[in-house]
Each structure stands twice: as C-alpha cells, then as structure tokens.
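K.L.:
Take each chain as given, in its own frame, and dock them per the hints.
As a plain string of letters, each chain reads:
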Amino acid sequence: MNIYADQAATTRISETAKKAMLDCMDKAYGNPSSLHTPGQTAKEYLEAARISVAEQIGARPAEIYFTSGGSESDNQAIFSAARLGAMKGKRHIVSTKIEHHAVLHVLKRLEKEGFEVTYLDVHGDGIVRPEEVCSAIREDTALVSVMYANNEIGTLQPIREVGRICREKKVLFHTDAVQAAGHVSIDVERDSVDMLSLSGHKFCGPRGAGALYVKKGVPLLNLIEGGAQERGKRAGTENLPAIVGMAAALEESCRRMDEDGRKVTELRERLIDGLLRIPHSRLNGDRKRRLPGNINVCFEGIEGESLLLLLDARGIAASSGSACTSGSLDPSHVLLALGLPHEVAHGSLRLTIGPDNTAEEIDYMVENIKQVVEYLRNMSPVWEELQKGERRYVIQ
Amino acid sequence: MLYSEKVMDHFTNPRNMGKMEDADGIGQVGNAKCGDIMKMYIKVKDGVIEDVKFNTFGCGSAIASSSMATEMIKGKPVEEALKLSNQAVVEALDGLPANKIHCSVLAEEAVQAAVEDYYKKQAEK
Numbered sequence: 001m002n003i004y005a006d007q008a009a010t011t012r013i014s015e016t017a018k019k020a021m022l023d024c025m026d027k028a029y030g031n032p033s034s035l036h037t038p039g040q041t042a043k044e045y046l047e048a049a050r051i052s053v054a055e056q057i058g059a060r061p062a063e064i065y066f067t068s069g070g071s072e073s074d075n076q077a078i079f080s081a082a083r084l085g086a087m088k089g090k091r092h093i094v095s096t097k098i099e100h101h102a103v104l105h106v107l108k109r110l111e112k113e114g115f116e117v118t119y120l121d122v123h124g125d126g127i128v129r130p131e132e133v134c135s136a137i138r139e140d141t142a143l144v145s146v147m148y149a150n151n152e153i154g155t156l157q158p159i160r161e162v163g164r165i166c167r168e169k170k171v172l173f174h175t176d177a178v179q180a181a182g183h184v185s186i187d188v189e190r191d192s193v194d195m196l197s198l199s200g201h202k203f204c205g206p207r208g209a210g211a212l213y214v215k216k217g218v219p220l221l222n223l224i225e226g227g228a229q230e231r232g233k234r235a236g237t238e239n240l241p242a243i244v245g246m247a248a249a250l251e252e253s254c255r256r257m258d259e260d261g262r263k264v265t266e267l268r269e270r271l272i273d274g275l276l277r278i279p280h281s282r283l284n285g286d287r288k289r290r291l292p293g294n295i296n297v298c299f300e301g302i303e304g305e306s307l308l309l310l311l312d313a314r315g316i317a318a319s320s321g322s323a324c325t326s327g328s329l330d331p332s333h334v335l336l337a338l339g340l341p342h343e344v345a346h347g348s349l350r351l352t353i354g355p356d357n358t359a360e361e362i363d364y365m366v367e368n369i370k371q372v373v374e375y376l377r378n379m380s381p382v383w384e385e386l387q388k389g390e391r392r393y394v395i396q
Numbered sequence: 001m002l003y004s005e006k007v008m009d010h011f012t013n014p015r016n017m018g019k020m021e022d023a024d025g026i027g028q029v030g031n032a033k034c035g036d037i038m039k040m041y042i043k044v045k046d047g048v049i050e051d052v053k054f055n056t057f058g059c060g061s062a063i064a065s066s067s068m069a070t071e072m073i074k075g076k077p078v079e080e081a082l083k084l085s086n087q088a089v090v091e092a093l094d095g096l097p098a099n100k101i102h103c104s105v106l107a108e109e110a111v112q113a114a115v116e117d118y119y120k121k122q123a124e125k
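As given, the protein sequences belong to chains A and B, one line each in that order. For the first sequence, the residue numbers in the UniProt record's numbering are 1 to 396. For the second sequence, the residue numbers in the UniProt record's numbering are 1 to 125.
If we strip away everything but chain B, and leave its shape as in the complex, we get (with noise of 0.2 Å):
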C-alpha cells in the first residue's frame, strides 16, 4: 500500500471537511497547476481555535494532510496553531511517502494563512 493506515483514515474519512460560512480566518495556499490548493477557514474565541475546517483539490496525502492538521489545531491557542509543523503533520499521520512531503508543507502554510488572515481581521477592527 501506498499510504498508512492513518492517511487512508482520514483519507476517506476526512474530519472537519467542508465550508465555514462566519469564519474568523480564512487561508488558500497551493495552485491547480502544481495539483494541489488548501483552504482553511477557523473560528476564534477568546484566542482558543473553536472550530477548523477545510477544503482541498489535491491528491489523498494533500487530503488526509488536510484532514490531519485541522484536528492538531482544533481547541488549541492561536499561537499554537502556528507553531503546527509540516514534521509534525508526517509523524501524526505515521509517515507520507518521500514525493508527498510537499503536501504536509502545504497543509502547514494553510493553518499560517488562515490564523495570519485571522490576525489581519483583528487588526481591522
């Protein structure tokens, strides 16, 4: 098998798939040439992420990497979420292939993109 047991989850399983209509944060990262785009959309609440969720056009790591970030940064502080590293995306995941990497990276950058887009609203306000 290509994948783990783990990226196969939630693969097909994803967890906080779909829209967020009144996000706090939104981020998209990636392209369509390159195969891979990520969407991240959060909602803040007293700094805490209450609620995460996601949309990819990607393959099943770009997705299961999806998948798996939202839930590492799902209830945590803010600032936490940014420290959420592509490693340890991998290692949540036990492991992505060596030409998959890229795609625990995207879903790395999309967490940074929606809590800097969080903070950018903030500032606005």
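Extracted from the complex, chain A is given alone in its bound form (with noise of 0.2 Å):
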C-alpha cells in the first residue's frame, strides 16, 4: 500500500488545477505586460485569478499581490513593515515561536539590524494567548506577525482575537496562513488582518505561485524591483499557468472545506485514537484547535529519522521534527517550544492526511507505525534505561 501523508509538506496537484493551468498555456501565452491581443488575453486570465483569489479570503481584488510562493509574502510583509515601521521610530516587532522559518529567518534578520523581537511562548498546547499579544505591544511596535496554523503540530491561533487587539492598538497585523488557506475559513476582515500570506501547493495548487494580501491603504514595500507588474509591488513576468492553477484550487478547496474538513476531521480522530493506544505516545498541540489533517505524536525512547525511513519502506511517506530530518543539531522549534526536552522532541511523527486518505489506510499505518516503533524500541538503548527503571519516563 501506498499512503502520502506529508500534505503539509506538499500536496498532490488536483486536477481542476492542472486542467486550468493546460488552458491557460494554450490560451494565454502572451505576456500580460503586451499590449497586442494575446498579452491582454492573458492579463484577462490573471486578473480573473486575481479576483477569484480575493474571494475566497474575503478581499478585493486590488488587495492581492502575486508573488512566488509562501516565503516570498512572508519576507516581503515582513520586511516592508519593518523598514516602514522604523521610519517612523518603531523598532519592535511581536511573533511567535513557532512561527515558519521564512518568518523566523526574517525576524532574526531585523533583529541583526537593530530591531528587537518579542516571542511570544505558545504553552503546552501550543497556541498563542491573544492577552500575551496585547500586553507585549509597544509603543515602538512596527508589526505583530502570528501564523494561521501551524505547520508542524497544525494548532489553530486565536487570529481573529489577536487581529481585533492589533486594530484597537493601531499596529499592523500579518499572518502566515500558508497551512491554513483552502483548510479552514479565511476572511480578512472578519479576522482584522492587514496582510497575509499564502501559497498555491498548499491546497492541490502547483509549486511557484503564491499570494499577499494587503490591505487597502496599508503601504507595502518591494521586495524584487524591476517591472511594473502587481501594480509596481512585486516585479518579474508573471508565472500566469502557476498563478491559475492556484486560484482554481483555492477555489476548489474552499468550495469543498466543511465537506471535506468533516471527513478529514474524522480521519484524523481515528488516527489519534490508533496512534495513542501505543504506550509511552503523545499528541503534540492541543487536540480540537488543530487543523482537520495534521496528526504530531511522539514516541518515547526513539528516533525520528529511522521511523520515517523504516514507514517508508512500507510505503508510508511521513514527516519528522527530529534534528536528523531538520538538517540541524537540533529537533523541531515549535515541539522545543512546546516545552518538550530534546530527546521526545527527537522522537517525533507528522502525519498529514487529506480528503484522498481512506479509513482503510489509516488502520493500515497505525498498524505499521505500531510494529515499527515497537521493532525500534527493541534496539534502543534509551528506551532498555526507561524500561529498567534508568531514565525517568517524559510521557506516562
């Protein structure tokens, strides 16, 4: 059997999207910027995207910028607000600590440049207190950047609360919603967000598109110069089949959310439950505020990177938060910052399951992930210390 659970890492491209994307290439080769016949076809199929896009996350069109992908409207939000930000004195910026690497890369940037970062904790559950929001902005805060969901342990943050304090304290509020986008409901205005970014292959879209909403009246800062294209902001020819396979999925996705969120919802549940009858396990972020595909256990007393390798050879593709997998010494931020010690942080599992999952598979995976973690177990020297009584067990 054959079972990809690594949709946060990827997804597999729908075929709506891949259909509208071959149509786009027949139809609309010319280049937006052209003037002559085939370059206003294809800017007809940008902006139609463009006013697809918008709807789905209750925006106008005007407010959309296309750009690259997720990291891409992460470092152009970011950095635009900080350099705008400090124009004006303000040199403190609010997040989290489990925000993504092209967040948190940026923020450690800035604070190279003189600014100062404040990183909120996310508790045991992980998810941010919209109270520790409140009270860690400043005066001289430029931004407060908290993501949708997360994208390891897939916890749900407070983003409407956090978006209603930002606007009562007059400070820019962006969010990463790349895992959120197409997975749960999104409006811009009903959660007060000033900018947000999200990215195509998120939600069965292609690779090498993605979008940033801002709000109208919100200045925004280039990141790449050059061209006139995305009304100035963003230039570079646009990657048109990529940008319209894109708006296909979202549509496609929201479209199908409360149908599918059901049913991957109860996927997941039937995982947890599974996964949770193995001893010495636990499930990383709180269990309800979590997205509807992402399962985050850890097992006591073994390596993430040989479960990966060992579930796939039996034709599971998952994920891992272990260093080994991480490519650095250390396991995953966010399961750090969970207040998880390194060595069960190293022992993770991501499991990240969409709508193509079946009932059937996740038996077949709780099985094997049962048989593997118990075969790793056997042959590991931590988990022989814990069973004699050595080391003191972190999960009960």
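You may find that some hints are simply not true.
Unchecked claim - Restricting the straight-line Cα-Cα distance to at most 20 Å, the calculated cross-link-like pairs of lysine to aspartate or glutamate (DMTMM-like) are:
1) B:Lys19 x A:Glu390
2) A:Lys263 x A:Glu360
3) A:Lys27 x A:Glu47
4) B:Lys19 x A:Glu374
5) B:Lys19 x A:Glu384
6) B:Lys125 x B:Asp22
7) A:Lys43 x A:Glu55
8) B:Lys19 x A:Glu385
9) B:Lys120 x B:Asp46
10) B:Lys83 x B:Asp46
11) B:Lys19 x B:Asp51
12) B:Lys74 x B:Asp46
13) B:Lys33 x A:Glu390
14) A:Lys18 x A:Asp356
15) A:Lys388 x B:Asp22
16) B:Lys33 x A:Glu384
17) B:Lys6 x A:Asp312
18) A:Lys18 x A:Glu44
19) A:Lys288 x A:Glu161
20) A:Lys27 x A:Glu15
21) B:Lys33 x A:Asp330
22) A:Lys288 x A:Asp258
23) B:Lys120 x B:Glu80
24) A:Lys216 x A:Glu47
25) B:Lys74 x B:Glu109
26) B:Lys33 x A:Glu385
27) A:Lys170 x A:Asp140
28) A:Lys388 x B:Asp46
Said to hold, decoys possible - One side of the interface only, derived from the structure: several residues of chain A facing chain B at Cβ under 8 Å:
29) Ser306
30) Leu309
31) Glu343
32) Ser380
Just so you know, the hints here were simulated from the structure itself, not pulled from any lab data. These numbers were taken from a predicted model, which means no experiment stands behind them. Note that the Cβ used here is the ideal one computed from N, Cα and C, for glycine as well.
P.N.:
Below you can see the structure in the form of structure tokens.
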C-alpha cells in the first residue's frame, strides 16, 4: 500500500488545477504586460485569478499581490512593515516561537539590523494567548506577525482575537496563512488582518505561486524591483499558469472545505486514537484546535528519522521534527517551544492527511507505525534504560 | 536517495543487533539529547572478539554505522578492533552524507568504549 501522509509538505496537484493550467498555457501564452491581443488575453486570465483568490479570503482584488510562494510573501510583508516602521522610529516586532522559518529567519535578520523581537510562548498546547499579544505590544511596535495555523503541529491560532487587539492598538497585523488557506475558513475582514501570506501548493495547486494580501491603505515596499507588474509592487513576468492553477485549486478547496473538513477530521481522530494506544506516546498540540489533517505525535525512546525511513519502506510517506530531518543539530523549534525535552522531540512523527486518504489507509498506518515503533524500541538503549527504571519516562 | 545502498542495507537489516547477557565488555556513547546513543557488547575469547552485539537509538546512518562496525570487528583480535577508524566505517558503507559523519565517529567510540571496559574488567580479575 502506498500512502501519502505528508500533505503539509506539499499536496498532490488536483485535476481541476491541472486542467486550468493546461488551458492557460494553450490560450494565454502572451505576456500580461503586452498591449497586443495575446497579451491582453493573458491579462484577463491574470485578473480573473486575482478576483477568484480575493473572493476566497474576503478581500478585494486590488488587495492581492501574486508572488512566488509563501516564503516570498512572508519576506515581503515583514521586511516592508519593518522598514516602514523604522522610518517612524518603530523598531519592535511581536511574533511567536513557533512561526515558520520564512518568518523566523526574517525576524532574525531584522534583529541583527537593530530591531527588537518579542517571541511569544505558545504554552503546552501550542496556542498563543491573545492577552499576551496585547501586553507585548508597545508604543514602538511596528508589526505583529502570528501564523494562522502551525505547519508542524497544526494548531490554530486565535487570529480573530489577535486581529481585533492589533486593530484597537493600531498596529499592523500580518498572518502566515500558508497551512490554513483552503483548509479552514479565512476572512480578512472578519479576522482584522492587514497582511496575509498563502501558497498555492498547500491546497492542491502548483508550486511556484503564492499570494500576499495587503489591506487597502497599508503601504507596501518591494522585495523585487524591476517592472510594473503587480501594480509596481512585485517585478517579474507573472508565472501565469501557476497563478491560474492556484486560483482554481483555492476555489475548489474552499468550495469543498466543510465537506472535506468533516471527513478529514474524522480520519484524523481515528488515526490519533490508534496511535495513542501505543504506550508512552503523546499528541503534540491541542487536540481540538488544530487543522483537520494534522497529526503530530512523539514516541518515547526512539528517533524520528529511522522511523520515517522504515515507514517509507512500508509505503508510508510522513515527516518528523527530529534533528536528523531538520538539517540542524537541534530538533524542531516548535516541539521545543511546547516544553518537550530534546530526546522526546527527536522521536516525533508528523502525518498530514487529506480528503483522498481512506479509513483503510488509516488502519494500515496505525498497525505499521505500531510495529516499527516496537522494533526501534527493541534496539534502543534509551528504551532499555526507561524500562529498567534507569531513566524516567517523560511521556507517561 | 539520501543514503547509499550499503547504508540502507545495514539500516534495514542490521547485523548483530541485540543485547548480550554475558558480555565481557560493554560500551555506551552519545547522548539522547543529541539524538544518538550507541551501546556495544563484546564477547572475547583468547584475545579475539568472538561475538558482538549492538543497540542504537538514532537515525538511519547511526544504526547502519553500528551494524557495520560490529561486522568489521567480529572475529578480530581486540587490539585490532581498537584501531577501527570512523573513516574505515564510512568507506565500508560507501559513504555517508556530510552531516552524518558524526554517526561513524560514534561507532568508532562505541567499539573503543567496549574494549576499554573489557580491559578494565580483565584488570579487575
């Protein structure tokens, strides 16, 4: 059996998106900046995509800027807000400990340039507290950036409350909604968001296309200079097929959101129930306030990379927050932010599922994960120490 | 593929994996915080490593490195086992990714720790 359970890394492109892209490549081959007919046809495709994306998040078309993806959107939003803030003497930013690296690394760079960043705690449940956002905001706060949903543990952040606080305090609010868009309801008006990032390939669209929503009246600086594309805010010939594919995928995901969300949540619960029957395992992140398709668990006494490789050999494609898979020596910053010790964070497994997964696949995963965890524990000196009482269990 | 075929072979079919009740020397290196621990057991007869077993908590290359190291020292005189270098383990595995070289170092250290423990126990006799 081959099971794709790494939807948060990237999704398989939908038929709808694929068809829209092929149609675009066939009929809208011109450059949207050209005045001739093929160019203007391409321009029509581009603007139709803009209208469609705007509609799905409650925005106006003029508030949508197409980018190359989530990372670019995050970079532009934060750098822009920081630079504009600095001009007014505002050099403080409020964010969280569990942001995606596309946000965190930008913040680190700004810190080197003299900005001060407050990284809010997310407590044991992986959720930031609105009152803590409120008390972190200062006179010189240029921006608050809190992600809509976390990419590792799937926790949904209280965006509406944070948005309301920022509006009241007249501070710019950016949210990285890369994992949320197309999966949970987003409305930039309802949520009082000033800037929002999304990425096409997280909801069955293609890679290489993303969007940045910027509320009307909020100034935006360029990351890429060069041409008049995107109303002068993002130079470079538009990746039209990808943009059109992203718009089609977002429209479809949002249309099916309620139905798919119910189905995927049911599968998720079945998977969590099954995995938590494995002794000394725990679910990371709040069980209810999380994305429909996210499961993140830790198994004590084993290491995540070897777990992933053995699952891959059994046809299960998953992900882990262990150091070996992160490319650094430390395990996931998100799991550490939950207060997990390093040795437990190393034994994490992230399964992210979608509407195409089946109950049969869930049961296959539970059974195989159980076997592989048992196998790895049998060869683990850490497990031996835990069992002999020479080391204390962190997960009871 | 991240790993060579040799690494995958030793990872998926580890040789000499398990515990040893009557070991003459036991070595444990690494720490769980960093994500790797290796424990090696040796049985020595007439100065020769007659049997060897390992237990490892760690990534694919840590498990493969331990497995390969056990194969390389089994049947060898203890002095020779002490000379096992991490480079030799890496070469025998047809290479390891740059950020995984430390796994082979750990395998070398695990063998040394087991032999040292054996010497210590001999001296106590």
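K.L.:
List in ascending order the numbers of the hints, as given earlier, that are violated by the structure.
P.N.:
28
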